[in-house]
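So the sequences go chain by chain: L and E. Final position of the first sequence in numbering that gives the first Met the number 0 is 213; the numbers increase by one with none missing. Final position of the second sequence in numbering that gives the first Met the number 0 is 113; the numbers increase by one with none missing.
Simulated from the structure, these hints should not be mistaken for laboratory data. Computed from a predicted model, the values in this text were never measured in an experiment. Hints may contain errors.
[To be verified] PhoX-like mimics (lysine-lysine), calculated; alpha carbons at most 20 Å apart, straight line:
1) Lys148(L) <-> Lys178(L)
2) Lys84(E) <-> Lys145(L)
3) Lys84(E) <-> Lys148(L)
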Amino acid sequence: MKVKVVTNILEANERIAAENRKIFDEVNIFVMNIMSGPGAGKTSLIERTIKELKGKIKIGVIEGDIAGTDDAERIEKHGIPVVQINTGGGCHLDANMIREVLEDFPLKELDLLIIENVGNLVCPAEFNLGEDMKVMLLSIAEGHDKPLKYPLMFQESSALILNKIDLLPYTDADINKMKKDSLSLNPKLKIFDVSCKTGDGISEWTNWLQSLVK
Amino acid sequence: MHEVSIAQGLLDIAIDNCKKQGYEGIESIRVKIGKASGVVPDSLLFAFEGMKLGTIAEKAVLIIDEIPVSGFCKSCKKKFTVEEKYVIVCPLCGNLSFQVETGRELNIDEIEVF
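Throw the hints in and build the complete structure from the sequences for me.
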């Protein structure tokens, strides 16, 4: 006896992501999911973003890591509402994890919610959280072969932040190849060359982000 | 990636549907997996064989229909299908403005029950 089912296997995550989306729309908050491999500079970028935009828009941050509270502690020092999610082994955040911490934020008062995903160039791209935009980082130190090796994340993102440009003189990384290959995967990708260490390029990034939030 | 949790997900949905319809066991589960979904069919099969033990799907066969990547080009106004997992330009006219229509599926289609 055949029974038609016709259901998305990841239906549970998609359903919760849609519920999150509804909450975000109701309180008029812009939600950004930041992804990258470990150590590319997600937390540093968030810190630089907070420093530039703190006086202009109200920001909240959700930190995602397998273990530890290092990243949330760094954000806390900026006086920004932040919650740390520990997945305990999971390699990406999912919509349910986000839903469970939303009540810890004064959502109606915030303009921008930044979600820092678990450091991983593979899985986060596959799991919708209900965000407005996915953004990714790639650092100069990771090498110019990464775009073609990890295509999905580049294809799912609206913006690519090329971080640690201050290291260009010390590595063999070809930044033009990084850009060319990234754009070949996703011609609509907005690319920003930055150094979270020196501050180079940060204001181009934050001006663009601010224009999306307001 | 995550073939184990996907196998668990499809088993949960299949078992739930089987019980709700009033049947005792599952003979087969047909799934549609898009070529660009990121799921590796062999890995999914392997995970499924392990996860089904001890459930009413213990004897079930997993049938995987692989869906190719296809789309519609807004420039040459034609539908296309490709062998690859990713489309970067329209394979017919080389333009960038196309829409991918199939290839990202991760669906459980039907179950055969007894």
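Verification of the supplied hints:
For the hint pairing Lys148(L) with Lys178(L), the CA-to-CA distance comes to about 14 Å; that is within 20 Å, so the pair holds. A hinted pair counts as satisfied when its Cα atoms are at most 20 Å apart, and Lys84(E) with Lys145(L) qualifies at roughly 17 Å. Pair hint Lys84(E) plus Lys148(L) holds up; C-alpha atoms about 13 Å apart against a cutoff of 20 Å.
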